Amino acid sequence: MFAGRTDLAISIRAMTVAYQRKPVLWEVNLDIPTGTLVGLVGPNGAGKSTLLKAILGMVPTVSGTVALFGQEYRKVRSRVAYVPQRSSVDWDFPATVRDVVTMGTYGSAGWFWPLSKRDRNRAHEAMEQVGILDLASRPINQLSGGQQQRAFLARALAQQADLFLMDEPFAAVDAATEHAIVECLRTLQKSGKTILVVHHDLHTVPEYFDYLVLLNVRTVAVGPMAETFTDENLRRTYGGRLTILDEVSEAIRRREATRP
Amino acid sequence: MIMIATIQMDFWLDGWIIVTAILASVSAAILGNFLVLRRLSLLSDAISHSVLPGLAAAYLITANRYSWTALIGAIVVGLITVWLTEMIGQYGRVDEGASTGIVFTGLFAVGLVMIVQAADRVDLDPNCVLFGDIELSPLDSIETFIGLVPRATIVLTVCCIVNALFVVLWFRPLRTATFDPQLASSLGLSPRSLHYALATLVAVTSVCSFEAVGNVLVVTMFIVPPTIAFLLVNRLPAMIVVSAIVALLAAVLGHISAVAVPELFGYKSTSTAAMISVVSGGFLAMAILFNLKTGVVVQALRRSQLAWSILSQDLLALLFRDSERGQPPRAIADISKTLLSRPWVTAMALRGLVWQGYIKREESSNQAGAPAGNGLVRYELSSVGRRKAQNLIRSHRLWEQYLATTAGAQLDRVHAQAETLEHFTNPALRQQLDSETQQPQSDPHGKAIPPEDSGKI
Amino acid sequence: MIATMIATIIFATMMDSIATIFTAWFGFDYNTRVVLAGTALLGCAGGAIGVLLLLRKRALIGDAIAHATLPGLAISFLIATGLQWDGKSLWILLPGAAATGLLGAMTVIAIRTFSPIKEDAAMGIVLSVFFGAGIAMMRIIQQIPEGYAAGLEGFIYGKTASMRFQDAWLIGVCGAIIVALLVLFRRQIELLCFDESLARTQGWPVTLVDIGLMAATTTIVIVGLQAVGMILIIAMLIIPAAAARFWTWRFWPTLATSSVIGCVGASIGAMASTMAEKVPSGAAIVIVLVVLFSLSAIFGRRNGIAWRLARRFRQRHETDGQHLLRSIYEWLEFQGKKPQDFGQTRSASFQLSELEFVRNWSPSRLARTARRFERIGLMVQVGRMHWALTASGIQQCVRAIRQHRLLELYFAEIANLSPEAIDRGADYSEHALDDQMLAELERDIAGASNAYEVPESIHPIGSREPQVAQVGAQLGTDHGKFPKANQE
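Protein chains in written order, with the numbering used here: chain A, 1 to 260; chain B, 1 to 457; chain C, 1 to 488.
Hints listed in this document are in silico derivations from the structure and should not be mistaken for laboratory results.
No experiment lies behind these values; they were computed from the predicted model shown.
Incorrect hints may appear among the rest.
Said to hold, decoys possible - Distance condition first, Cα-Cα at most 30 Å in a straight line; then the derived DSSO-like pairs of lysine-lysine: (1) C:Lys-57 with A:Lys-53; (2) C:Lys-88 with B:Lys-268; (3) C:Lys-118 with B:Lys-293; (4) B:Lys-360 with B:Lys-293.
Stated by the list, open to error - Label pairs and their computed distance ranges (CB to CB): (5) B:Leu-169 with A:Ser-116: 17 to 23 Å; (6) B:Leu-169 with C:Met-14: 51 to 57 Å; (7) A:Glu-232 with B:Leu-169: 56 to 62 Å; (8) B:Val-241 with A:Gly-57: 33 to 39 Å; (9) B:Val-241 with A:Ser-116: 21 to 27 Å; (10) A:Asp-90 with C:Ser-364: 50 to 56 Å; (11) A:Thr-187 with C:Phe-313: 56 to 62 Å; (12) B:Gln-90 with C:Glu-374: 37 to 43 Å; (13) A:Gly-57 with C:Thr-8: 42 to 48 Å.
Backbone N, C-alpha and C fix where the C-beta goes; we use that ideal spot for every residue, glycine too.
The shape of chain A in the complex, shown without the other chains (with noise of 0.2 Å):
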């Protein structure tokens, strides 16, 4: 283990994690600096979600360590939070845009006490700072896909985490919305915070992002925007080079559905 590279928001060595023996990330290392918007980014299939969860202990690992802020994901569990992708959640579910922020007040609130008034001005002020405070007693099956983002965000906001994880937030939603939540990640970074962003748009990623990690089952590249979104890297990430590691993990897949 990492004893305390407090600077390093997140740090990981060797990690490989693999479905039925096929390696969804591979050796995956990588430092992330605190304070920095990071730019996630991949083909289809590269593992990027993955690799969020297994930061989060969510998936099981094959091998490979992590370190948040220098330490074990359980220990500083308070301090990250995770926006999962829209699509992860029932909408139809029978709740308010406020009932959903203040979700995110429970791992400080407790879970039995009545809230505070501290704990219910976190989730208005995380509601404001994205703009939904108008839709607070809205019911979430009434929202549009770019109001039910902002909602997820404000709900990691009133979490007051140091370190974000956020898996795919621009995936359809409006261009409005979209610059709207770059500008709050932007307001959070100023403030000290690390965010770390699932993209698929490689158009808009040297705009948004000061720090890339360009994924492809393992990390191709890691560091500062300007020096690592280069030709060469995105064509190796892009590219086929790595045919043979595919079929092999194919092969060895096939071997076990079919051999004794």
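The hints should help you fit chains B and C onto chain A, whose structure is shown.
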């Protein structure tokens, strides 16, 4: 206490039956909310079937309907059911529905064999297990401080209180884990433990209710009242309360109809539990049709109301345009053809407009060329009607202008688009359109845009 | 050894049961035999339809349909009795049951279409409400003089004993028709199950087939009511299909296996119920099916637990073998006595204890692997403690080491991994390389022009701990930090 002319109900007997039915229904409904929201409705079906062997075993051991052994047996079986379902789903690579089916049918079969084998040794009728014998519950009463209370009632009261406490105290974890299990686990909860806890309480409730409403019918109470509540309200606390109320009403009405309805056909009363199911099904049907959010009937009414209002507005606009162009009055058939509606609908709309005071109906005297004996009917806009029509035309032409210039739409399309948009344009929006297009005087087709008529003198 | 013993025991038990069944069969009278045949055919059809339901993810719709048949039975009975007909005749009861069963299925679809209620809740609603209506009517039937002895409850739990000859005949015919239809429309069914979108774009009526599937399910349900009862009929649709998935994954073999399992399970269960007292036939059939499912889960050729464990053991053996061969090569290489693949019949000798890589193996593991190699002719013992590779041993050895080193090179140059990662990667992948991939690998690395040449090792041989600085210099990286992108 309730005396309906031809039926007789004994206050003491029926009263306790109703109370027991209410308790059983409400206990199940409270938990059912979380099952329905997590798409686990059929888990209640599965667990209520699979508690059978546990019950049978307990019964064989203790020869007592309600015993701690039965309770423990129920809890164990409930946990086993969930665990086995997960295992089979994972290792058998079958989907959850299939693995549920395998587990509960297997366990139920085992239980059935146990019961039938021991049927003479033990007074446990398989039919009773299936649909209960709540009518007989008052016969098994014990003495308490308020008099003779059926044992089933006492057991169910405790069960109901436990379920209510669980739901109230664990409300936040349950809600979070139900809505977003990933968030829940990242906040430190264990959705899995909550799942097992819920399953345990489902098993316990099934066991406590099996004598009152039987195995299959408790499933109704787990699913139907929460579903009704889901259709009616938008927030979880309200949903839980509404489901409890619906369960209560269904229980009361169910028992009454169990006694009353067969009488109408000349039979004696039928199974209360069964009628509770049927009654709640009826409530659900009404909820599906009439609920304000998504009710089938409500939506149909809304649609026709909207169509009506659009037609009325189109009529006013037509009259306005006719007067603009100086055209003679039209016959109803002609109007209908222009507006693409049916003559009788048009006639009714016209009458409605007259009644509302937007147009005036005038029978003019015979004119040359008119069919003999028929006066030609003229419709004219009243001043209020004229105002409304004028604003409608203004909306239309402002939209045309906006679409053609600012939005860059094709000229031959703007009319059709404006036709739709005009009906949903209020004065504020007109103001906006006006300023966006720099106060135009005419629309792209050259027609003058009438000024805003707000009705102020 | 143990495996053989277990296999013998199982085989003996099976033979014993089969013998019992045979003798019992001939002890039955003609009627009973017909009933059993009918039930067997029912199991066949149920297994087949069950596979389709499973593939379309509609496993539990059968449960809803089954419970929805109860009001139909009651209504048919009441009407028939009112008209002075034989209320207990299957020809009257079953159409009523089918009607409400199908009505139930359509209600599920209607609920889903006209409200935001989800599918599982819709099924639960139909299941319980229709069943409640049925029970309410049954209680009234019990008050009718003809109704009391109607035995309509046999439909809930199943009672083959009360099955009459015509009823069994009906079951058999329905089952046979369904199987025939499946065979007839096999192409369409296959297409629809596997590629619904393709089928749709080609104009196939997907909804029609769904309805057909519902109709077939309903038929199975209603003819199975007598044999298995409505609560457990769902088992006949689900369990054989789920069990079949442990044997194969191809479409038609799955259907066939499922039919066979259903048939066997139904027959044995029905027989057991007839022979034993007070065992409801439905329960007996389900229990037998569950046993068959468990056996499939353990011994099924495709995914059974027993086979998975066996596979894992075999893989470990293979891996061990590869590691042993590699360490033999490296040790000999270090001493300058590399085994050559052409002409050499005996490699230089070595001691097992000298081999680096397998140093952390337990002695028994080492001895076992060595002895296995000896058995298959890869190694011979040339002295008290010394071994040597045979010609075929050399061949295998060279192949193994070449694969490994090529992969290492690949990972180092192309995949840009750290040294430890290279090790792990090569270890992981080399077991699955075949010749074609090997050829590709050589093409990619463009330097191994000689098919027999073994590349130099990236790591200094003789020691498994890569000399960090040296390796780092070779790869141009720094140990501890991840490799930078543009340094290649």
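Hint check:
1. C:Lys-57 with A:Lys-53: Answer holds: Lys-57 of chain C to Lys-53 of chain A is near 28 Å, not above 30 Å.
2. C:Lys-88 with B:Lys-268: holds (23 Å)
3. C:Lys-118 with B:Lys-293: holds (16 Å)
4. B:Lys-360 with B:Lys-293: Not OK: Lys-360 of chain B and Lys-293 of chain B at ~38 Å, beyond 30 Å, violated.
5. B:Leu-169 with A:Ser-116: 17 to 23 Å: holds (18 Å)
6. B:Leu-169 with C:Met-14: 51 to 57 Å: holds (54 Å)
7. A:Glu-232 with B:Leu-169: 56 to 62 Å: The hinted range 56 to 62 Å holds for Glu-232 of chain A and Leu-169 of chain B, with Cβ atoms some 58 Å apart.
8. B:Val-241 with A:Gly-57: 33 to 39 Å: Since Val-241 of chain B and Gly-57 of chain A have Cβ atoms about 37 Å apart, the given range 33 to 39 Å holds.
9. B:Val-241 with A:Ser-116: 21 to 27 Å: Given range 21 to 27 Å: holds, Cβ gap about 25 Å.
10. A:Asp-90 with C:Ser-364: 50 to 56 Å: holds (55 Å)
11. A:Thr-187 with C:Phe-313: 56 to 62 Å: holds (57 Å)
12. B:Gln-90 with C:Glu-374: 37 to 43 Å: holds (41 Å)
13. A:Gly-57 with C:Thr-8: 42 to 48 Å: For Thr-8 of chain C against Gly-57 of chain A, whose Cβ atoms are near 47 Å apart, the range 42 to 48 Å holds.
In the structure shown, a violation is registered for the earlier hint numbered 4 alone.
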